[in-house]
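**Q** Protein chains in written order, with the numbering used here: chain A, 1 to 821; chain B, 1 to 381.
Check before you lean on any hint, since a few could be wrong.
[Said to hold, decoys possible] Pairs of lysine-lysine residues, derived as BS3-like cross-links and limited to a Cα-Cα distance of at most 27 Å, are as follows:
1) A/Lys670 / B/Lys343
2) A/Lys193 / B/Lys370
3) A/Lys234 / A/Lys338
4) A/Lys234 / B/Lys370
5) A/Lys209 / B/Lys17
6) A/Lys660 / B/Lys17
7) B/Lys377 / B/Lys366
8) A/Lys644 / B/Lys102
9) A/Lys74 / A/Lys13
10) A/Lys569 / A/Lys302
11) B/Lys344 / A/Lys692
12) A/Lys536 / A/Lys560
[To be verified] What the simulated footprint calls covered on chain B by chain A, stretch by stretch (three residues with Cβ under 8 Å from a Cβ of chain A suffice, anywhere in the stretch; the number is not a length):
13) 122-136
14) 366-372
[To be verified] Negatives, chain A to chain B, calculated, CB over 10 Å:
15) Glu80
16) Gln222
17) Leu246
18) Asn270
19) Lys336
20) Leu446
21) Cys500
22) Asp596
23) Ile678
24) Phe683
25) Val687
None of these hints come from the bench; they were simulated from the model.
In this text, a Cβ means the ideal position worked out from N, Cα and C, and glycines have one as well.
The lines below spell out each chain.
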Amino acid sequence: MIIEKIKIGGFGKFKNFECSLCKGLQIVYGKNESGKSTIMDFIMLMFYSRLSGEKAGKRDKEIRQKYLPWGGGKMSGTIEFIYDNRRYLLTKEFHADTPNKDKIIFRDLSIGESVSLGQKQEVGEWLFDLDLKGFERSGFIKDVGTDVFNNASNKKDSLSDRIFKIVTGQERENVSEGLVIKKLDDAIKDIEKNKGKLNILENEIYEIKSKIFKINQQVQLQDEYKKQIEILIKRIKYKRDLKRKLEYCILLEKLNNLKEIKLYIESIENIKKSIVSEKITYEEFLLFFKEIKDLKNDIDCKEKVLGEFTGLDDDISVVSDNDFEVFEKAKTRVQKLKDTVFSLSGMGFEKLSDNKKQENDIKNKLQSHYSGTKEITKKKFLSKICLGIGSLAGISIGLVLKNIFFAFLFGVFFFLICFLVYKSFSSKLSKLNRERIDLESDFNELSYKNKMTEESFKKILLDTDINCNKLDYEYILEAIREKISEQESCINSILIQYDCKNENDFEILYAKSRNKNLSLKRSGEMSYEIEGLKSKFLISLQKIFKEEVDSNNYFLGCEKYSYICSKIKDLENLENIVSTKSVLAGKSEFDIKNIDNTIVSILEEIKKYKYNNDVRIDKDEIEKELKILEGERLEEKYYEIKSKISLIDEDAGGLEILLKNKYSKLSGIKSYLKSLNIAKQVFEESVREIRKDVVPLLDLKASEIFSKLTDSKYDLIRIQKDYTFFVGDNVSYTSLSSGTVDQAYLSLRMAMSEIISRGSHIPFFMDDILMQYDDYRLGITLKFLDEYFSCEEKQFQAVIFTCHDNILEFIKDYNCNIVYL
Amino acid sequence: MNKIKILHCSDIHLGSKFRGLDDFKSSQRNIEIKNTFIETLNICHEEGVDVLLIAGDFFDSIYIDNITVNEIKHCMSKYKFKIVISPGNHDPFTSDSPYNSKWPDNVYIFKSNNVKYFHFEDINTRIFGNAFTNTYLKGENINFEKDLARENSDTLDIGIFHAEVISAEKENLYSPVTIEKIRSSRLDYIAFGHVHKRTPVQVIGKTSYSYCGCLEGRGFDETGDKGFYIGYISKGFVDLEFRTVCKRKYLDCTVNIGNCLNSLEACEKINSKLKESFGEDFNRHFYRVTLIGEISDEYLLDVKDIEAKMNSVFYIRAIDKTEPFLDLRSINLGTDLKSIFIKKMMSRIEGSVSAEEKIIENQALKIGLKAFMGEVKYSDN
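Chain A extracted, bound-state conformation:
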């Protein structure tokens, strides 16, 4: 592309300004504030109305305000240029604020037609397929390498990194790829890390689910309680119904009972009326009748006794009282004697004589013992004396022999002999004494026993009235037997006299004979008494029943009496029934009026139950069932379960909604996480790609330019994978002089321009980038630029904006167009 003519109608300080440019390298010279930057901005705004980057809108406005024509009027201008062998004319009238309102005329002069731009499409984009930034990066160099380097140092960034950013566009975003990756990583970690957003949310979901589960369990439990309560309520109602029915039954029973009582009372009254005249009361009647009843009982009793007398046997023989007395005595005597014989046999009298003999034997033995003891006692005493004498005799013999030893020896010898004799007598005496004591004990025991037996014997004999001087068992037994025989013969003679077979017959006969005598006397007296009582009985009856009773006819009187008695009996029975029923009805007594009132009130009560009379109610069955129901403790169970029924505080529905929201949030986070990972992955791919595609090309082109700029001193620039930036044979840029760094930077920018513009040959605008070059470098650089941009094939155009005169001096050597401002 070659810009041939620039016409500025009004733009900042320029008004009706016009200049021509040509192919290849050229200089726009002007002092400071002469408008070099204004022209650069004018060219930029002609091709790109809208700025880009942060606060672009605001900057759009600002730049337009900045370049409002100083003398007033509209901002406008025209650029005439050749691009791709076609000539174009671009005329723009800038709006003071808004790029969209710019008036643009863009004509293709080769064909004489306007070029149609798309909506919001910039002229630059249409022509070069580059956005403003691309245009700026490829065509505008406003800084020098050392500035970049210094800025980079300030930002603690490497120069290579910064160049790479410029190449890749990161410079524009003011971020590094590392920072972008870090942001993405941080965001991923923020979600994924332990206790990160995902973890927290999953825990919250777990908690909500647990709560819902718990609520569901509670609901289930509460339902169970509710069902149990319903069953219990039904049972309790049923029980109450049964109780009601029972009450109803009891009322019915009470009613029937009262009705029966009423009937009985009426019967009682009727009976009373039938037996009692109106003049006396029934109670008075009963008092009279009691007397009659007593009389009748007396009569009956006496007649019965009289009947007994009249039934006695007339053939009975009369037994004299004397005979009976003799009989009785003899019988008693026999019995006593027999008892004595029986007693004697059990008391050991038959051994008495043997025991006496034994007693005498022991007595004799004791006597002989006493004499033996006396004799041994004497001998013992003598041996004691001999002991003393013997000892003395021994000592005396020794003394006689005038030998003390012999005296002692003889003394001891005689003492020992005498002592042994003495000891022998002592032991004999002890033995005799022990035997004597045993004998004395036996004697005393036997003697006491015999004495007691004798006394018993004597007593029995005295009781049986038997005189006997000799206490001999056999003898005495014989005497008793004789006595028994005497008495028995007496009894037998009496039995024969009264023709009785045995003693019992005689005794019965005596009893009958005795009764017969008494009865005959008593029956006479009794008949008289009975007649008197009967007469009294009939009189009494007549007093009550008047003519109904004949005072002379006891039989008829008795009939009337029996009739009345039966009626009274009936009354008593009825009264008993009434009394029992009254007790059942809860009262001690009733009268008719009372009963009627009670019946009415019961009927009223019964009505309340509203039971159909047809309903058959079995009271026993109800009571049985109620007993079972009472055993079931229904009310107790009801309150127990009722107390367990509680309000579930948490709202399951609310929790479900919350859970749904959390799940939705979880899904959101997960999808965001996926997106983050994808973004990171794609971003990394992009970085790899840009390095792979751009960096080698950049190295190649920059090396070619750098070699020419440094007069082949350095033929290589390499940007490493880690962005380490080397020149020549692995010389780090940090070791280079600032001039070489500027040259390296220019090389890279020019290489970049070629890459970015992709052969569009966009004009290259350099704003005083050569000011720090020394003369040598300036010469070489201008030479290179002249050659580079004068290339016929490339149709290049480069404009150096400068205020430095030395550049004008150097450029003289080259056929360069110079525009003075």
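Following the hints, position chain B against chain A.
**A** Chain B alone, transformed into the frame defined by chain A:
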């Protein structure tokens, strides 16, 4: 013909807590809800309503403060019309619920799970209903066929239930009522509560029914106009109209902030859109504003910043659904990292096999571009 005037409201949730609102606004909102109900009572009085039906969740919880309950009782006692309440899952009838206390004589409260009725002979009307006695109520308690109305009777039979109308029998803890049950009920009208979104008055068989929704919205799941049904009911004829009484509404709005280059510009657009859609006094409402449009990657959108700047509105929540402005021509031409990244992402998006994948990759593109400008950590917005 017997004809009565009713007012059907439900789900008032007195004493409710408002998540997302600060204490002051939460308390202000509670007072507003109470005042809306009191205003409703006044409307009943002024318009000669015979029966006010409150179909459950009158209170947000049974643990409501006594001061509010007493104030409500006092207000109710001033009027003659009948008030029938069917306690719901939020305010079940329990031993310690405010319902288990002395209420004015004109207030009738159902106390049992099972369907009972109040017979108002003076207006020849029976009101059938039941009560939650816990925070849930399974469906078996409502058995219209067994319990309800008499055929060929001149008496008006109206139902009031806090229940969930479902199309078929299924497990549900909120007193589910099937359409078939409604059909077989033979009630003249059923005033339902529980669902906070109003339904039109529908007719099945001889029975009309509706959910009137809540009196005041309490969240963005309860958007739009809120109020009650008021009108006449006679045998076989229901003439009810919906009337809005809410003090504030929860509203959703989508605003295109495309081309905006900063929060101020975005706020201006939002403001003008809200004013245009909801009138001059738009700022009394609650808004959930979804921001759409393509915005330049030069502008790093911060919804919190926008929310803070829109502080003249009672409540606003902004949701960022904007897309980055992608100048495809420029991207295609670009050789810079961002352009390459976008191109690669676009290629991936085009090759997506599922909609879900496409959404995730679109989001990846947005995140990647945002990473050039600022933080990309996940936030609820």
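**Q** Run every hint past the structure and note whether it holds.
**A** Here is what the structure says about each hint:
The straight-line distance between the Cα atoms of A/Lys670 and B/Lys343 is roughly 24 Å, inside the 27 Å bound, and the hint therefore holds. Taken as a hint, the A/Lys193 and B/Lys370 pair is honoured in the structure, with Cα atoms around 22 Å apart against an allowance of 27 Å. Proximity of A/Lys234 to A/Lys338 is assessed by CA-CA distance (about 92 Å); at most 27 Å being required, the pair is judged violated. Of the pairs offered as hints, the one joining A/Lys234 and B/Lys370 is violated, with about 70 Å between alpha carbons and a cut-off of 27 Å exceeded.
Restraint check for A/Lys209 and B/Lys17: satisfied, since their Cα atoms lie roughly 23 Å apart, inside the 27 Å limit. For the given pair, A/Lys660 sits about 20 Å from B/Lys17 by alpha-carbon distance, which is consistent with the 27 Å threshold. At most 27 Å may separate the alpha-carbon atoms for a hinted pair to count; B/Lys377 and B/Lys366 meet this at roughly 12 Å. A hinted pair counts as satisfied when its Cα atoms are at most 27 Å apart, and A/Lys644 with B/Lys102 qualifies at roughly 26 Å.
Simply put, A/Lys74 and A/Lys13 have alpha-carbon atoms about 12 Å apart, close enough for the 27 Å limit, and the pair holds. Simply put, A/Lys569 and A/Lys302 have alpha-carbon atoms about 24 Å apart, close enough for the 27 Å limit, and the pair holds. With a CA separation close to 15 Å, the supplied pair B/Lys344 and A/Lys692 stays within the 27 Å bound. With a C-alpha separation of about 15 Å, the suggested pairing of A/Lys536 with A/Lys560 holds against the 27 Å cut-off.
For the region 122-136 of chain B, the stated coverage by chain A is satisfied: 3 residues place a CB nearer than 8 Å to a CB of that chain, which reaches the threshold of 3. With 5 residues bearing a CB less than 8 Å from a CB of chain A, the region 366-372 of chain B meets the requirement of three and the coverage assertion stands. Non-interface status of A/Glu80 relative to chain B is upheld: no Cβ of that chain comes within 10 Å, the nearest being about 25 Å off. The claim that A/Gln222 is not at the interface with chain B is violated, since a C-beta of that chain comes within 10 Å of its own (minimum 6 Å).
Every Cβ of chain B is farther than 10 Å from the Cβ of A/Leu246; the closest lies at roughly 28 Å, confirming the non-interface assignment. Residue-level check passed: A/Asn270 sits 58 Å from the nearest beta carbon of chain B, beyond 10 Å. No beta-carbon of chain B comes within 10 Å of the beta-carbon of A/Lys336; the shortest separation is about 101 Å. Against the 10 Å criterion, A/Leu446 stays outside the reach of chain B, whose nearest CB is about 106 Å from its own CB.
For A/Cys500, the condition that its CB be more than 10 Å from all CB atoms of chain B holds, with the nearest at approximately 106 Å. Every CB of chain B is more than 10 Å from the CB of A/Asp596 (nearest about 41 Å), matching its label as outside the interface. Under the 10 Å C-beta cut-off, the non-interface status given to A/Ile678 relative to chain B is violated; the minimum distance is some 4 Å. Chain B draws A/Phe683 into its interface by the beta-carbon criterion, the shortest separation being 6 Å against a cut-off of 10 Å.
Listed as a non-interface residue, A/Val687 fails to keep its Cβ farther than 10 Å from every Cβ of chain B; the least gap is roughly 7 Å.
Hints 3, 4, 16, 23, 24 and 25, counting from the list given before, are not met by this structure.
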